[in-house]
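Novice: As given, the protein sequences belong to chains A and B, one line each in that order. Counting from 1, one number per residue, gives the positions in the first sequence under this note's numbering. Counting from 1, one number per residue, gives the positions in the second sequence under this note's numbering.
There may be inaccurate statements among the hints.
Said to hold, decoys possible - Label-pair distances were calculated between CB atoms; the ranges are: (1) Lys214(B) - Glu490(A): 56 to 62 Å; (2) Asp34(A) - Thr123(B): 44 to 50 Å; (3) Gly148(A) - Ala145(B): 54 to 60 Å; (4) Ala277(A) - Gln387(B): 50 to 56 Å; (5) Ala96(B) - Glu341(A): 46 to 52 Å; (6) Ala367(A) - Leu213(B): 46 to 52 Å.
Because the hints were derived from the structure by calculation, they are not lab data. Only a predicted model underlies this, so the values are computations on that prediction, with no experimental measurement involved. C-beta: ideal position from N, C-alpha, C; glycine also.
Protein chains: 2
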Amino acid sequence: MKAYQELSQRFRRLGLLGDALAVLGWDTAAMMPDGGAPARAEQSATVSVLIHELLTAPRVGELLAAAEAERALDDWQRANLAEMRRSHRHATAVPAALVERLSVAASECEMAWRSARPANDFTGLLPKLRQVLALTREQAEAKAAAFGCAPYDALLDQYEPGGRAAAIDTLFGELEGFLPALTQRVLEQQRRQPAPLPLEGPFDVGAQRALGLKLMTALGFDFAHGRLDVSHHPFCGGTPDDVRITTRFDPEDFTSAMMGVLHETGHALYERGLPAAWRNQPVGSARGMSIHESQSLLVEMQACRSDAFARFCAPLARAAFGRAGPAWQPDNLHRLSTRVEPGLIRVDADEVTYPAHVILRYRLERALLAGDLDLAELPGAWRDGMQALLGIVPPGDTDGCLQDIHWPSGAWGYFPTYTLGAMTAAQLFAAACDQLPGLIDDFARGDFSRLLGWLRTNVHEKGSRHSAEEILVQATGRPLGVAAFRRHLEARYLEPVLA
Amino acid sequence: MKAYQELSQRFRRLGLLGDALAVLGWDTAAMMPDGGAPARAEQSATVSVLIHELLTAPRVGELLAAAEAERALDDWQRANLAEMRRSHRHATAVPAALVERLSVAASECEMAWRSARPANDFTGLLPKLRQVLALTREQAEAKAAAFGCAPYDALLDQYEPGGRAAAIDTLFGELEGFLPALTQRVLEQQRRQPAPLPLEGPFDVGAQRALGLKLMTALGFDFAHGRLDVSHHPFCGGTPDDVRITTRFDPEDFTSAMMGVLHETGHALYERGLPAAWRNQPVGSARGMSIHESQSLLVEMQACRSDAFARFCAPLARAAFGRAGPAWQPDNLHRLSTRVEPGLIRVDADEVTYPAHVILRYRLERALLAGDLDLAELPGAWRDGMQALLGIVPPGDTDGCLQDIHWPSGAWGYFPTYTLGAMTAAQLFAAACDQLPGLIDDFARGDFSRLLGWLRTNVHEKGSRHSAEEILVQATGRPLGVAAFRRHLEARYLEPVLA
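Pulled out of the complex, with its shape left as it was, chain A reads as follows:
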């Protein structure tokens, strides 16, 4: 086991450098003044390049071959070795110079996006975005050549190990088979009912934050190992022992930040629950983005938009903002939190129309990467896509193709994992409810401990010991499908059919 032991030491160092990079990334989004951006881009690029150099050192290839021949490894060690090989394969497929250029270009483009979005200035962002796309395409082609797969699959594999566009096409096709009709039925049903009462703002940002902290605590977030801060684009960053989530507060609508906080808390609980014995080893990391997103959506969509959660949350919200009256009763809050309405902004979308946002982005990024769509045509293609999929068109790019940080920051191939995650969440939650009778009633008492325990055992503590599909089969008895997601939407959003 000598080769494995040396690899384990080397990957521990890589893991710690990755942690340092994660802290820099959090700081960039949540703390850094704008003027620090160029230097920060160079700092992050330097650490990225070092990681790349250490990972692609010839000795690592030799050690991997030697360790793969070692017999005494147990299952976790063998899974760890397989994840090491996976990282190594990704790293060796791309030259170090390209890694550095992409890191710098993405940092600069992300900073430019911060001002381009509010200024509705897609044209201003275009040169930097072109550079990110060109370098991403180079990266995709290099990896595709090395792995013997399609360039898009090579990018997807970075976020969703083993993911393939063909499988996504099938699942998204099934969604498109029932979602438009379901959405229309839900909207018609909503029109027949009186509208929920609005919650009148403004809502003090300090009180919003305090409410968020209270809900995070109830869900099991440990503030000795994490923080809540503010950033342009909410995210979960940091490291398993110091998980940093962010939100953005809207003084006119507290539910937006609140649901965002609940969502990121789901991500945070996953990171925090990763197997402590395997910290800073590849097998100790999160499995991939569909599982990661399933954890945030399970908390936000499955648990915290339930009727039971509204009963728990209503008195806390009334106390937080000093309000009362019928709008603040659980039933009305629940109706607000399950309101369906086609909208322009993905992160504000309800769970019924969300997949359409993802399908749009998935198709556009595939077309952009394939060269079938020029970036200059993106705003028009975006508007056409929104019209076709959701029947609405953004008045400008701010709420159109500039709304997401993903493409400017270099995260191409990431978007489909959101909807894979939504489906995974529905399937996992259905299994949890089957296995834990009365689970949803716990939420009305603000008790999420049985849910967290189940997730710890069935998802979090497995790290990357198994594939996403294996995790799902072990926890739910079947691979990923659309059935549980469809049943969930129908049960929550459609009136009971008369027997």
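Assemble chain B onto chain A, guided by the hints.
Specialist: Below, chain B without anything else, positioned relative to chain A:
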């Protein structure tokens, strides 16, 4: 110049990694939850060890020798090369394993200090502090052997390049020759006068922060390139393009945080003013801690405790806290800001009694490092020293030997630079006043631009192109002495002698 060019590339990478480490350090002090400490210690240690490995690679030694033989280098490049050699000499003197152990031990001890100080628990801190001291001693001995100097001088050289204990002994001896008598005269004079009127609290922390931001802006702090945050121990961190200063707010005494902010702003202006053309090169770094401290003390003590500054600040303070009356008049504020009173806490000390705090720590750390004093005896030795030097004794270790972060965090040999800095500040400020007639009157209008311009030219933009002594001689015409500091104290604190 091929060797020099390659060195320059390598040191740029080292500089960027050092920046990343600085951001981690800032985060540790200002943001990180306690539970993140063990992982953070390992992250920082990993980056430190990498820096050490890259700096001590055999190729660097070869390149240094080759570059030192190159003829075409200009003065800046030659100074840069000399600083590279200096770093290399420090790094190669100590084995990598010791660097890592010291980094981990210091991070852990610093975290333990955070809780030990409020708990008055020196005994609880002792094991971790012993480890830091033992490893520091090992480091000092290794460097002393390599440089052919005394172990204490080897530590001092890390903070004050070229500094020697013998020179400090002389200067500190001169201070001791006049300070005790001067202090007594000031105290007697104060007793003869009516006491300044107290400023009645409480002072809203948000208003304190807003006042701090206003003063920082007036002094020339650029918030596109920096931040103000809160930490246990105020400091200036971050990088020249993103300078992070911290303070701690006392709701009962706003002047404590305010003067702290002004002090750290002095450090920040220096960092921000370092030569941009030499970013991430050794010659582009701050010269050393006596110059660094001179910049904070010049702003805090020389400029911002002046009568003119009180005239500028008084209306701002009244507006910030909604107060009025005789206590809030410039004259009273000035008398409060120049009040002399022997106290327990170094960072709260006035400039007359401050050197006694430094002399105590300097003697104690020399004795601890030399093995003449055991750490277990530190609390007693501290009390004895305070009695002898300042005539007061702390009731516990919280306000005694636990008050400073330096020893727990591994910064041994640092303390004397505070008083060297005070003397340097007095000498620089006297020269600036000579060269810029009416300079102090600018401050009454909140105009610090002539002062900042002078400091940029005479100190900041020189980076490490010259030694501290050269900088002082160029700017003031003479090497460091006690004369200007003495004249400053007598002019400010003693009644005009009748002619």
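Novice: All hints, please: hold or fail.
Specialist: So, going through the hints one by one against the coordinates:
no.	hint	result
1	Lys214(B) - Glu490(A): 56 to 62 Å	58 Å, holds
2	Asp34(A) - Thr123(B): 44 to 50 Å	47 Å, holds
3	Gly148(A) - Ala145(B): 54 to 60 Å	57 Å, holds
4	Ala277(A) - Gln387(B): 50 to 56 Å	52 Å, holds
5	Ala96(B) - Glu341(A): 46 to 52 Å	60 Å, violated
6	Ala367(A) - Leu213(B): 46 to 52 Å	47 Å, holds
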